[in-house]
Each structure stands twice: as C-alpha cells, then as structure tokens.
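Number of protein chains: 2
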Amino acid sequence: MSENGALPRRGKVLTVDTMNVNVKKVDYAVRGPIVQRAVQIEKELKEGVKKPFEEVIKANIGDAHAMGQQPITFFRQVMALCTYPLLLDDNKFPEDAKNRARRILQSCGGNSIGAYTTSQGIDCVRHDVANYIQRRDVGILSDPDNIYLTTGASDGIVTILKLLTAGEGRTRTGVMISIPQYPLYSASIAELGAVQVNYYLNEEKCWSLDISELQRSLQAAREHCNPSVLCIINPGNPTGQVQSRQCIEDVIQFAAKENLFLMADEVYQDNVYAEGCEFHSFKKVLFEMGPEYSSKVELASFHSTSKCYMGECGFRGGYMEVINMDPEVKAQLTKLVSVRLCPPAPGQALMDLVVNSPQPGEPSHQTFMKERTDILSALAEKAKLTEQILNTVPGISCNPVQGAMYSFPRITLPERAINEAKAKGQAPDMFYCMKLLEETGICLVPGSGFGQREGTYHFRMTILPPTDKLMILLNKLKEFHQKFTQQYS
Amino acid sequence: MSENGALPRRGKVLTVDTMNVNVKKVDYAVRGPIVQRAVQIEKELKEGVKKPFEEVIKANIGDAHAMGQQPITFFRQVMALCTYPLLLDDNKFPEDAKNRARRILQSCGGNSIGAYTTSQGIDCVRHDVANYIQRRDVGILSDPDNIYLTTGASDGIVTILKLLTAGEGRTRTGVMISIPQYPLYSASIAELGAVQVNYYLNEEKCWSLDISELQRSLQAAREHCNPSVLCIINPGNPTGQVQSRQCIEDVIQFAAKENLFLMADEVYQDNVYAEGCEFHSFKKVLFEMGPEYSSKVELASFHSTSKCYMGECGFRGGYMEVINMDPEVKAQLTKLVSVRLCPPAPGQALMDLVVNSPQPGEPSHQTFMKERTDILSALAEKAKLTEQILNTVPGISCNPVQGAMYSFPRITLPERAINEAKAKGQAPDMFYCMKLLEETGICLVPGSGFGQREGTYHFRMTILPPTDKLMILLNKLKEFHQKFTQQYS
Ligand SMILES: Cc1ncc(COP(=O)(O)O)c(C=O)c1O
Ligand SMILES: Cc1ncc(COP(=O)(O)O)c(C=O)c1O
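Those protein sequence lines, which keep their order, are chains A and B.
Using the UniProt record's numbering, you'd call the opening residue of the first sequence number 1 and step up by one each time.
Using the UniProt record's numbering, you'd call the opening residue of the second sequence number 1 and step up by one each time.
Just so you know, these hints were derived from the structure itself, not from any lab.
Be a bit skeptical, because a hint or two may be false.
Listed next, the in silico BS3-like pairs over lysine-lysine satisfying Cα-Cα at most 27 Å (straight line) [stated by the list, open to error]:
no.: 1; chain 1: B; residue 1: Lys435; chain 2: A; residue 2: Lys335
no.: 2; chain 1: A; residue 1: Lys478; chain 2: A; residue 2: Lys384
no.: 3; chain 1: A; residue 1: Lys24; chain 2: B; residue 2: Lys330
To be clear about the criterion: a stretch of chain A counts as covered by chain B if any three or more of its residues have a C-beta under 8 Å from a C-beta of chain B, and this derived list gives those stretches [to be verified]:
no.: 4; stretch: 13 to 26
no.: 5; stretch: 73 to 83
no.: 6; stretch: 185 to 194
no.: 7; stretch: 259 to 271
no.: 8; stretch: 340 to 346
No residue lacks a Cβ here, since even glycine has one placed at the ideal position from N, Cα and C.
Whole structure, please, built from the sequences with the hints as guidance.
So this is what it looks like as structure tokens:
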C-alpha cells in the first residue's frame, strides 16, 4: 500500500495476482487440456485439415446422450407437457404422462414450470423422492423435510462441503476423499479452502476400500488439520467398483467411531453390472445397523438425473437427503440455498419422473421398462467388453467394471516415455493421452487428473460409446499402446 | 484440542458452532420469516382456520408466472420441440419455432438437450447473445467469447464476486453495493467473506445515484479494506429507478478514476415504464465514452430469463458479458465454471429465444409482439397505479416506479410502534409487515431486508399481481396503514 493507505493503481483491477487464490488452486481434469485440444481437432477436421483419423471419439466424460443414447420417451413426453400445457389436449400423449404433468404443474406457482419454486424444491417432488427412497431401502422411512432438490448432484455436494468448511490452520476442516477421485471433490475443496485428505483405494483388490487405509489417512491428517468429513463414491467414478455391504458397514462404523460426517455420492445407483454385485445405499445400511448408529451418524447422500439409465445431464436435476443433521444447521442450509432462489424447475420435474416412473398397469410401463432395460443391458455388455479387450493388451491391466460408466486401467509406460514427459513438464499419462488423441482421435482423461499412487499411471475411459464405436476405440487403443511401447522401449 | 492433538468428541460433527461462519452471516430477506409465515398461513387457510381474509396475496417476490402472468407462447413451443423432438413432425407448431428448435438441438451433444453443454454455454446461444447485444447497443461489437451462460443471473453474479474476493484484513476485497440493495449481493458478500461497502441511493431524488456519495463511501471503506468492485442495479431492485445516461457516464468515470471493477446488473433491461426514461446499457455508454474508457474499464454485465416480459424464473437461464477481463483471469473463470459442468440446457435454450425472438415476416412474430406488448403495458399501468394510490395514503410516500417490478415506499411509523417492535427485538418495518400479513394476508418484504438509511422505514411491494388483485391489495394496505397509525398514535 502507498503512503496514504490507498492501493497502488494497476492496469487492471482483476488479474491472476489479485484474484481469489483458492480459485487459482482449482484443477478440473475432466474438462482440461485434453478436452480442449479435442474440441480444436474437431474444428480442424471440419475445416479439412488432414489427420490420421476421421473423427474424434470422446470417451472422456459420462455424458450418455452425447454418445448417442436416446432419452427415455416417457420422461420427455411429460417434460414437453409441463413445458407447453396445451399439449394436454393432444391424444398423442398417454394418460399416465398427462397425469404426471398435471400433478407437477399443480405444485408450481401459477401452474407454470417458469415460476420460482421453493428453495428446497417443489413439495410434491420432495415427497416423491422420499417415497422412492423408502421403496429402495425397504422398510426404512424417509422424511420429505430431509430432501433438498439440487442443480445436479454437483450443486448438492458443493453446498454440503460449504457448510462443513470452517476453522483455520490446524483446526481447518479436512475432507477425506478416495484416490482416485471424481475431481469435483478436489476442485470444491480447493475453492472452499478446505484441506484435501487422501485415502487410497486398493487397486489390487478391485479398487475396494480398506479401513486400515482410512485409519492411516485420518491419523496423518490429524497432525495438520481437523478431518471431519468422509466422502465415498459408490458405485465408483473413475474406478467402476461397487462396494460390498460389509465394506459400507465398516465405513459407517469407522465414521461413527471417529466422528466423521459422511457424504455418500450415489449417482450411479442403478449402474451395477457385475454378477454378485448389488447396490446398497449408505442410508439403508446405516439404519440396519441399529439405533446406536442410525440415531447418530450424520449422512448426506446424493443422486442425480445425469447418470443411471436416463443420462439427462443437461437438465441439471438432483437431490440430496440429509440424515441426523442438526436442526439449526438444517435451517442454515435452507437459508443458504434460498440465496440462489431455486434449482431449475425442469430438472426438478425430471427428478420427479426418475423417482416416480411408470408403474405396472400404466400405459407407458412396458415401453419404459424396455427402454430402461435395453440401456442398462447394453452398458453391462460394454463394461465386460471393455475389461476383456483391455486385458488382452500387454502393459494394460484393467479391473472389472462392476458399475458406474468407467474403466480406469493401469498402464505400464516405458522409462523413456516417462522421461520425455517429465522433460516437457507433463504428467506421463497426460503425455500418453495427448499422443493418443493426436494419433487416433481418441479422447480419454489421464489418471493424473483423478489422482493415483505415486509411480502408477492410468487413464479413464467411459464405456458409453455405442458398441460398434467402442470396438473401434478399443482396437485402436490396443494398436496405439503397442506402437507407443515399442517406440519408447 | 485435547492432549494428543485429537479434537474432543462431540454429539454432532456439524453444528452451528462448528459450521462455516460465513454461511451463518448470510441473510436473505426475500425468502425470510415473513414469507415462511405466509406459507404457514396458506396451509392454515387450507385446513379451514378462520382468518380475517380469504387468501394470501404475495407481493414479495418478482415471480411473474406465480402471479398469473402467462408464458410467451413461442418460447414454450420451441422448448417443447427441443424436449420432445418427435413434435417436429407435428403441424400444430409453426415453422419458425421448429427452425429455432432444430438449430438449438444441432448445437447440443447427440442433438439432445439432455447432454452436458460446454461449460461456458452452447456455442450458438453465445453467438446469438452477442448478436443481440450488438443490436441493442447499436454499433458496438460483442464477442461470443466474452459471453458466459449462467444458471440465472444469480449464478453469474456470485461467480464474478468469487473471482474478485481476495486479500486479508485491510487488503480484503470491498464490494460497493447500493443501499437499498437486492439481498443476493449482501448474502454472497457474506458467504465469500468479502467486505460489504454501502453507498446510499438518494430517495429524495427518486433513488438516483450521487457520485459524491460514491466518493464518500469509497473513502470510508479505504480505511479498512480494499474496495475494488462497484455493483449497480439498473433498472433498480428494490427501488424501481432507471438511471440516466449522464449518471451512468459519471459512474464509469468514477470507476475508471478509482480503479474499480464494474458489475452491472441489468436483468430488468426491458422493464422501463416512465416517460422520459430509457434503458442505457453500461456496455454501450462505456464504449461511447471513447477508447480511453472502453479499452480500460473492466465490466461484467448480467441478464436473465427471469424478468422483463418473459418472467421464466424456473428455467434458471441467464448470461453475463465480460469486458476487458484479463485473458488469464478469463481462463480461470472458464476453469471455475467447468467444475459444475454446465448451466441447465433448457435455461440456455430459453435464453437463446429471448435474444433471438421472432422477427417480422416470421409466422410467430405478430403473436409474439402482442403478448410481449400486452405484458409490458400492463406492467407500466400497474407501476403508475401503485405509485398513485400509495401516495394518497398519509404516512406513505412513494417514488415513481420508473422501471423493474417494485415499489419501495417510505412509511412513517408512530413512535409507539417503533418502541413495541424494538422491545420485541424486531425491525420496526418487519413488525409492520408481519402485522399486515396477519391482518390482511398481504405478503410484503420489510425495507430492513434491503437496507435503508438509519431511522427510515420502507417495504418492498411487487407490481406483479393482476390489476384487480393489485387494486384490492392497495386498498387493503391503505386501510391497514390508517388503522395501524391510529392504533399506535
Ligand atoms: C461421482 C459423481 N458425482 C457427481 C457427479 C455430478 O453430476 P451432476 O452434477 O451432473 O449430477 C458426477 C458426474 O459425472 C459423478 O461422476
Ligand atoms: C436485481 C436482480 N438481480 C438478479 C436477480 C436474480 O435473478 P435470476 O437468478 O432468477 O436470474 C434478481 C431476481 O430477482 C434481481 O432482482
């Protein structure tokens, strides 16, 4: 500062030197340099630039519709009816779709999906969510007052992390996240200035979660911060594992013992493919462990319209359920979400359809079930295919894709490639993925974007491309990996 | 902390004592206690509880559809087509609506509005926004790269404030906001831990903005923080004023001289009613002031689908244009918005329609123009009506509602009422509004929720109710005010 207390005049007010330092620390690999280069290459291809491939195949992001998956007819019918209610007189639309639309509109201000909703979300939608959870977690109650609708799961996750972030220095909130992780977590933790606390998933045991590793991580974190939050993604992104009931029980026990707030990211709850695997919600397991746990452990769980069989990412629908949250904190949460007025009403309506889909006997039931089953079976098939083909490549080893939408294979990189990457200041798997993109048009995300054990290298690949494209992708990848290994050996 | 460095075990992890202190400081009046009580009363009425009125009339929030305003037909037609593209074969829909829908879908991944969009927003929408701005600000270029689509204007405003918040203690970012203000500003400033710097609008001069007051406020703030941002709402919420071109020029000059980043909240740009008033965008005035200013002053301006004639709040559409933003900061901004993936695609599509509405010669043009004009003329009439009737009440004085959707009249409260309120720990105008609600069912927001000069009292009332309801409201209010004054005199 200058003599009189005024700041010195600069060319610009807002520069990288004056801006929010936490924002600068944010990293977001899923939409990072690889994806930016892919977009550029697509433009170049359009402009007629010659490349050794004809199209970019994007397997970098869990965006089903972008990969050609068709929306669920019933969902879109109801959404069209909500948007343009004159269609309620059109006999092209089935009665069950009309009933859903009428019910949603009656719950909207002025019967319009264009009105602000209450900040916590449309009443009838929150009731339907609670009913869905009760059906899913047979025998366990759910209270609509504990449901908050959100702008995608992302919004809910950031909001809960925001509530939890407090303290300074050694008392600053530490947030335990799995490594590899979905980078929303590290990004939000950085933005909020919380402390990221890593625990490693066990690649050797199919990316499972070891309590001893949680214990190690917690112990280490207590030396320098206040670790009070434990985040779990199940089924896992980027790792595709599905946790066993026993593991979930152990995690809950651990959280209870160590006084941790649990965040369960369950956006892939319908995406379970492997035999012997099943989705168990944290809520259900918690309540089945008896009142000692169910009356005590604080839990927020998250769901979304973006994944599962519907893949409606663009609508930004989602919900969270909060369990055992202090009522005063809940009031603060309600206040906080009211500042941005409300989540998008169409996303709320879509969330309603997901939790209140056509029932047996309703006119749309058969078509709905067929569409849903077809999508989920195709994903199961592609999960298997991906694992099998990748494992035929020397230098690539891939755990079973038990659930979610991703494989996260480990790749062996020649020493010379690692050195060349380091010389360029690049993570070795970034170097690998960038070369893959330039030579084949395949767009993946390097493992370094998600975190991995020091000295190991991975990439994340979605299983979403249509089977024929996926086959092309996997074969090109195989060929590339062999060439790359040769070239750098 | 206990001996071994571990924190003492508590009943709950997350309590009001352990939570984020900035969140606790957030205040949000528009959805505060009055509104919560109004919702309660509505429930009581439904349950048959006897009240001195039959319905709650909500004039607390700028939510046009909730007050019965009908959506623009063309907008909803295109949205239905985007949602359920099978309707593109339906001859009930006009060709221009179909063309718009096709164009938007072609810009979406997999031609689906259910795909994630790029984080900055759909390409063609950003181009259309830039074209709109160029038409609006005749002769001044707009670059689609400077356009970011947002989840309502709220999201854009919070994002820019987040970028700008830095420093500690005396170097902490100060954000200058008008008093009275739209409480999103004070709430976000509190949440981010920035410093709120108040400048007062001049009620005596129709809520205009005096540069000398800006100067005073800035000077005072420099004693304790680093005021580097100046926020303007034009047309004003809650005050309904429309700034003159001269005033905007003076503000820009001030910002240039004092090195302030300008944030222009222009969500009410089509809501100008008073004769002699006109909307001037900050961007246009900035560029008309010549390169000395236009190459230098940093500006972010905000627009929304929620206001104007469309009132599509539920879709959460919006955009911001950033001018003279440091390219490195822009890269940071793009990274930051990518963490939450993208704004809702339906909101983006709707924003596109607002900036690319039916043109002369297109089949929907006439209907569109009629609907638009009818809505805006009705608002203009209600603005006048509100001012006139309120000014007939002794003890209420109301500035002209030149624009936006609100009147913010000053009320004289008897000493005895003020004392009774204070004894209850309530702001006197909160006391007044709560009594009004209980006795008449009218739901307004007390001036204290927006800020006002010490010792003055106001309420904010929207002009959105249909004319007949507005008349009832105004007459009941008149009667109540007289009774209240008598009772406490
Ligand atoms: C594990 C996980 N959580 C949350 C999200 C956020 O999804 P959305 O915000 O679209 O609901 C994703 C998206 O890929 C995810 O993979
Ligand atoms: C001045 C002002 N800015 C911003 C907003 C936010 O609107 P939205 O987020 O719905 O676009 C409002 C809403 O009332 C407003 O009055």
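Structure-based check of all given hints:
1. Lys435(B) x Lys335(A): holds (23 Å)
2. Lys478(A) x Lys384(A): Answer holds: lysine 478(A) to lysine 384(A) is near 16 Å, not above 27 Å.
3. Lys24(A) x Lys330(B): holds (12 Å)
4. 13 to 26: holds (count 11)
5. 73 to 83: Coverage by chain B holds here, the residue count being 5 at a Cβ distance below 8 Å.
6. 185 to 194: Per the Cβ count (3), the hint holds.
7. 259 to 271: holds (count 3)
8. 340 to 346: holds (count 7)
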